Structures are given as structure tokens and as C-alpha cells.
Amino acid sequence: MRVVLVRPWTDAHAGGGCCGGEVRDGVCLDGRRDKDEGADAEVGLMAQTYLRLQRDLPEVDVQIVGVDNTVYLLPSVFRALRAQHGVLAALRGMNRATTAGAVLVDGESVGDLTALGVEGALDEVRRRLPVG
Amino acid sequence: MPAIAVAAVAGVLFFLGYRYYSAYLADRIYALDPSFVTPAHEFKDGIDFVPTNKHVVFGHHFTSVAGAAPIVGPAIAVFWGWGPAVAWIVLGTIFAAGVHDFGSLAVSLRHQAKNIGTIAQDVISARARSLFLVIIFFLLTLVNAVFAVVIGTLFVANPGAVIPIVVEIPIAIFIGQLIYRSRSAALIPSLFGVLALYLLILVGQEYPVDLTSIADVFGMEPRTLWVILLFAYTFVASRLPVWMLLQPRDYINSHQLFIALGVIGLGMLVGWEKIVAPVVNDVPDGSPAMFPFLFITIACGAISGFHSLVSSGTTAKQIDKETDARYVGYMGAVGEGSLAVGAVLAVTAGVVATRGDWNELYPDFATASGGAVGNFVNGVGAFANNLGVPLELGVIFAAVVVISFAATTMDTGVRLQRYIVQEIAELAGWHKLARNLTLAGLVAVAVPLAMALLPGGGDQGYTFGVLWQLFGTTNQLTAGLALSVVAVWVAQRGRNIIPVVIPLVFLLVMTTWALIVNLKNFVEADQWVLAPLDAIIFVLAMWLIVEAALALRGSTGSRKPDPSDQPVDDDSGMPSQR
Numbered sequence: 008m009r010v011v012l013v014r015p016w017t018d019a020h021a022g023g024g025c026c027g028g029e030v031r032d033g034v035c036l037d038g039r040r041d042k043d044e045g046a047d048a049e050v051g052l053m054a055q056t057y058l059r060l061q062r063d064l065p066e067v068d069v070q071i072v073g074v075d076n077t078v079y080l081l082p083s084v085f086r087a088l089r090a091q092h093g094v095l096a097a098l099r100g101m102n103r104a105t106t107a108g109a110v111l112v113d114g115e116s117v118g119d120l121t122a123l124g125v126e127g128a129l130d131e132v133r134r135r136l137p138v139g
Numbered sequence: 088m089p090a091i092a093v094a095a096v097a098g099v100l101f102f103l104g105y106r107y108y109s110a111y112l113a114d115r116i117y118a119l120d121p122s123f124v125t126p127a128h129e130f131k132d133g134i135d136f137v138p139t140n141k142h143v144v145f146g147h148h149f150t151s152v153a154g155a156a157p158i159v160g161p162a163i164a165v166f167w168g169w170g171p172a173v174a175w176i177v178l179g180t181i182f183a184a185g186v187h188d189f190g191s192l193a194v195s196l197r198h199q200a201k202n203i204g205t206i207a208q209d210v211i212s213a214r215a216r217s218l219f220l221v222i223i224f225f226l227l228t229l230v231n232a233v234f235a236v237v238i239g240t241l242f243v244a245n246p247g248a249v250i251p252i253v254v255e256i257p258i259a260i261f262i263g264q265l266i267y268r269s270r271s272a273a274l275i276p277s278l279f280g281v282l283a284l285y286l287l288i289l290v291g292q293e294y295p296v297d298l299t300s301i302a303d304v305f306g307m308e309p310r311t312l313w314v315i316l317l318f319a320y321t322f323v324a325s326r327l328p329v330w331m332l333l334q335p336r337d338y339i340n341s342h343q344l345f346i347a348l349g350v351i352g353l354g355m356l357v358g359w360e361k362i363v364a365p366v367v368n369d370v371p372d373g374s375p376a377m378f379p380f381l382f383i384t385i386a387c388g389a390i391s392g393f394h395s396l397v398s399s400g401t402t403a404k405q406i407d408k409e410t411d412a413r414y415v416g417y418m419g420a421v422g423e424g425s426l427a428v429g430a431v432l433a434v435t436a437g438v439v440a441t442r443g444d445w446n447e448l449y450p451d452f453a454t455a456s457g458g459a460v461g462n463f464v465n466g467v468g469a470f471a472n473n474l475g476v477p478l479e480l481g482v483i484f485a486a487v488v489v490i491s492f493a494a495t496t497m498d499t500g501v502r503l504q505r506y507i508v509q510e511i512a513e514l515a516g517w518h519k520l521a522r523n524l525t526l527a528g529l530v531a532v533a534v535p536l537a538m539a540l541l542p543g544g545g546d547q548g549y550t551f552g553v554l555w556q557l558f559g560t561t562n563q564l565t566a567g568l569a570l571s572v573v574a575v576w577v578a579q580r581g582r583n584i585i586p587v588v589i590p591l592v593f594l595l596v597m598t599t600w601a602l603i604v605n606l607k608n609f610v611e612a613d614q615w616v617l618a619p620l621d622a623i624i625f626v627l628a629m630w631l632i633v634e635a636a637l638a639l640r641g642s643t644g645s646r647k648p649d650p651s652d653q654p655v656d657d658d659s660g661m662p663s664q665r
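Those sequence lines, one after another, are chains W and S. Each residue of the first sequence is one higher than the one before, counting from 8 in the working numbering. Each residue of the second sequence is one higher than the one before, counting from 88 in the working numbering.
Because the hints were derived from the structure by calculation, they are not lab data. Please read these numbers as outputs of a predicted model, since none were measured by experiment. Glycine residues also receive a C-beta, built at the ideal position from the N, C-alpha and C atoms. Check before you lean on any hint, since a few could be wrong.
Far from chain S, by Cβ distances over 12 angstroms, these chain W residues were calculated [to be verified]: (1) ASP68; (2) ARG89; (3) LEU95.
In silico lysine to any residue, SDA-like type, Cα no more than 25 angstroms apart, as pairs [said to hold, decoys possible]: (4) S:LYS408 x S:ARG582; (5) S:LYS408 x W:LEU64; (6) S:LYS141 x W:VAL78; (7) S:LYS519 x S:PHE322; (8) S:LYS408 x S:ASP135; (9) S:LYS141 x W:VAL138; (10) S:LYS131 x W:GLN91; (11) S:LYS131 x S:ARG115; (12) S:LYS141 x W:GLY127; (13) S:LYS141 x S:PRO171; (14) S:LYS131 x W:GLN61; (15) S:LYS141 x S:PHE182; (16) S:LYS141 x W:ASN102.
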């Protein structure tokens, strides 16, 4: 089983492309950042959920992916959903997967991390674990 | 020769480079170890340090390295013929960029995912950190200057592109707010954003925006007025939260990247365009020589120092297994090389139908450099035309794509420049400048603005070509610094340094050679703004050569044990294995 936590919208990355890409960490020797407290709270929730999933459900593959990671997010969700639900459902699922803060289980969106909370997200994943 | 054949040969060579050369690098030079505990595991926090699937990391890495820069350089460099341009892109990607991008990532993984500037301080000397900051300052200054000129030139040449590009800003803000406030999915709104952008092309075509009359009032060229307006915009944009404007705008642009790649590939295939440019161009007397200028004109696309900032920044913090560095790092270089090959083909096959017409576009270096981006735009427009899009609309579409990319680069470039100004100010003890965002932002805007408005050269093509070469030079110097770090690190481990040293020496020879020739030209032409700038960059190059030579001399011969090779387990105090 693969769980994908989609990064909150406020955990934003600027820029794309050579000589204008996301290199805050690459140029700021002292870790300078432009993030507000609201972003920190949402990112903190994602981090807690990630660490709890890793600790409590080690058999689950957990990934954190940005909404803008089109190269990975869209094809992987489409592949995961097409086989089970058909092409149209897979296309709808692709759109839902680009909801910032979404929790995806095998490509399917099971809710919003802020609404679910850490425990809620864990419960949703547990409910979908294969029996046995 | 059909353009698609060149694309296919380049693709095969890239594949072979990845299949065999990157495997050699991974095995013998960087000695990747699948059991090494990467920083993503060692410092796992669920925020920055996250062990991540290699395809996820590649998706992030690729969008951080693929953009407008690998378009402009190749579009100028075909002045020397398409053969040398493609050869440098392919060989540079396989033997220089791949080594550099992959190496920066591998070294960063062994240094707790620190960035290349910090590692330079650890591996080379404390002075190297200052050198890093100064080189990046000049790199970003020139990035912002050249892209402001690119956009200004395209706005003047394609006034129909102004409305779509300007209206994209409120559209992006609206989409950003919608996604943030209503917590809705981002894909559909952003696709509507792309659609709106393309519909606005029709509006822009009907109502082209020409600033000539306003510029006349101020006694300046329309391009100059656009450059000033662009920097005013980026000053404001760089103060907004990233999620508000830049992220939705980038997201819209990321769709455009895939659309443009599709149009180039499919258009080339459907039209079966033949390359009309000469393999090697017989350039007029007095033109810049192919050696060394080809190798600094094409920086991004053949090797780009900027990639070391991406590799040793976010990417290194997310690598799950050390062996994933080969796929992510080397393939990132291949991705950019592929874009650069596409740019060459657009300006040699798509743009015109006959050799005679092509010669008129590239009669001398000034015209070639001034018109390069326009030629690319027209070439992609022709590819779009092969797919049934009216030529005029196809050209505006291509202009919108290039301007969108360039504007994104400027948006982020000014913000990054502000960080660098703050870093340098902190280092120099100018705490007021370091902590005042408005002041630092003003410095970040004023310096590249002055550079973009350089009075030298007379006609705009000359100035732009020179600025682009200086940008390429600083980008190659950044790559040189990263390769020096990698070479010293490899030497300290008693491994073969030749695969790293050859591109390092080649880059340093080409950049210093170009700087010396340019310095002589600037002095002879009384270019007293460009000459000191060239001299400063030359001093930086010399500084880098001395630092690299000293560090390499101190590191070869005897292997120094490095604790970073064996991370210590927190509990046992013993080297840990995963």
C-alpha cells in the first residue's frame, strides 16, 4: 500500500527552470526562509502524520509530494486508479489528487489532512489496510 | 537532414550516456552504496528531510532545472553552425553536466545534504564560501538582467503577447486564492488558467500593446521602459508570499512546459522539417571565435552550475537510497540537454525553409544574439503550424511560453538575489542591510536593472549578446566551483579524478580564455562598464583556479579518512548501516 501526503499549499516552492528554480536551500548558507506561521502549522501537521505513519504502520510506503510535481503525481494516480475504476474515474482522481493537503491511499483521495488530523488520517489508512 | 533524425541520434547518445557512463560514475567514481544512511533518513523530520521515492524526487528536480535558459544559449550558438552546437550539448551533457549534477548530489549526500557553498568551505577552504556567494551574486545579477532584456525584446517584437502575460498575474493570484481558501483541487483551475492564457492570445492579437509613444515621452527605447517596468513588478512580487502568486503562476507554467515540449516534438515529426542551417557556419571576419565562445554561450543545456544549487539543496534532503542519486542527478542533466537540442532544431529547421533565409537571420553575431529568442519563437510557431494552428497564433503562443518561463525565472531570481544580498551583508557585518527586506530587495533589483540598461554597444543585439556571454561565464564558474568540490572529494578518497578534472579544466580554460578576449575587446572599445565587470569575473575565475589547485594538490596522493563516509549511529556510536 502507498500513502501520499500532498504538501499544503502554503508550503510553497517558487520558480521553475534553469537559473530560476527552487534553490533556497542551495544558496542560503544560514537557512534563510520566507515562510509564515500559518504555513508552519500546516507543515507541522503533515510532518507529524508522516512520522506517525512511518512509526505505527511500517509496512505502508509513505511519500510526501508537492502539488506541482506533475511528472510523478498525475501518472502515478492515473495508473493506480485506472485498473480498478476505469479511465474516467482515474481522470477525476487525478484532479482530486492535486488538492493541497490531501491524503491519498493507493491513488485514491481519502480526505484533507487538516480536517482529518493525525489520528483521523491514520484511521483512514488503517481501514484500508489489506486484511491479514 | 531531417530534424527528427538529429533528435533521435541525440536521444540514443543520451541513453547510452545514462546507461553506461553514469553507471561507471556511480560504481567507480562516487562509489554509491545502497546501504549508506542518507541524510533523508538520518535527519528525517517529515518536512525537509524526507526519504522519497526516486521518481517523486526526479519530478521535483526536473521542474527545478528545466526552463528558459537552455533555450536562449543554443538559439544564439547555432551562429557557429548546428553541428558544433549539438555536439557541445550532447557531449557536455554526457561528460560534464552529468558528472557535475550527479557529483554535486553525491557529495552533498555524504555531507548531511549541505549546500555546495557550505561544502566548499569544508572541503576546499573558508575563503571558498565567500567565493561561492560572490559568484552566485554575479550569476543572479546577470540572470535577472538577461531575462529582463529577453522579455522586453519579446514584448516589443510581439506586442500581442503583452495582454496574455500581464493578465496571467491576476489569474494566477485568483487561482492561488481559490486553491488556498476553498481547499479545492489545483489541476482543473490551473488548466483553466492555461486555457484563459491562450484565449487571451486572441485578445492580445486584436489589441497589441505598444509602449513606443510612452517611451518617447521619457526619451527612451520601448524595450528600456519594459525592463524598468519588469523590475518594478519583480520588486513587488518578491515581497509577496510564495504561495500567493509565484506558486500558482509556476503551476500554470509547468503545464505550458509539457505543452511546448509536445508541440516541438509532434510538430517536428508531422512536418518532417529539414535542417536548413549549415553544419558548420562560415562566420564573417571579426565574429567571436567558436573557441572559446561557443562554450560559454551554451551554458544551460550543456552544463549549468545552477544545477549544483538544486542538487545540493532540496534534492539531497529527499534521496532515499544513495544509489537513487544516479537516476535523479544524471537524468536531470539529460532532461535539460534534451530541451537544448529541441531549441537548436527549432532555430535551424522550424524557423525558415531555405538556407538563404536562414543566413539572413544569422548574418553576424550581433544580429544572431539579438534575434535568437525571436527565432526560437518563430520556429516553435512553425512547428505549431504543422499541427494545424495558424502561424500567427502559433508564434504568439510560443512567445507567451518563452516570456512566461523568463518571467518565472526573474520572479524567483530577484527573490534569490535578495537572499544572497542578505547573506553577503550578514557576512560583511552590515546587519541593517541583512535584516531590512525592503533595502535588500532594492539592492537585488537595482544592480541587475543597471546591468540590463548598460549603455554599451549601441544596438540592443550587441549588448544582449555580451550580457548573455557574461551570464554563461558566471554560470560556468559556478559549475567550476562545484566540480572543484567534487574533484577534491573524489581525490581524497583515492579514486580516479580524471572524469571530474577533465570537464573542470575544460570549463576553466574556456571561461578564462573568453574573459581575456572580451576584456581586450571592451578596453579597445572604451566599454568602461563592461570592462571592469569582466575584470571582476576574471579575478573570481583566477581565485577559483588557485583554490581548486591548492585543494587538489593537498588532497591527491594520500587518502584522508572522512567521517562522512560512515555516519555514526546515534545509539551505538558505531558507523551505521541501513
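So, going through the hints one by one against the coordinates:
1. ASP68: violated (8 angstroms)
2. ARG89: holds (16 angstroms)
3. LEU95: holds (14 angstroms)
4. S:LYS408 x S:ARG582: Given pair S:LYS408, S:ARG582 holds - Cα atoms ~22 angstroms apart, limit 25 angstroms.
5. S:LYS408 x W:LEU64: Holds, at roughly 20 angstroms.
6. S:LYS141 x W:VAL78: With a Cα-Cα distance of about 12 angstroms, the restraint between S:LYS141 and W:VAL78 holds, given a limit of 25 angstroms.
7. S:LYS519 x S:PHE322: Satisfied, since the Cα-Cα distance of roughly 19 angstroms is no more than 25 angstroms.
8. S:LYS408 x S:ASP135: Satisfied, since the Cα-Cα distance of roughly 16 angstroms is no more than 25 angstroms.
9. S:LYS141 x W:VAL138: violated (29 angstroms)
10. S:LYS131 x W:GLN91: violated (34 angstroms)
11. S:LYS131 x S:ARG115: violated (29 angstroms)
12. S:LYS141 x W:GLY127: violated (28 angstroms)
13. S:LYS141 x S:PRO171: Distance of about 34 angstroms is beyond 25 angstroms: violated.
14. S:LYS131 x W:GLN61: holds (11 angstroms)
15. S:LYS141 x S:PHE182: holds (23 angstroms)
16. S:LYS141 x W:ASN102: holds (23 angstroms)
Of the numbered hints listed earlier, those contradicted by the structure are 1, 9, 10, 11, 12 and 13.
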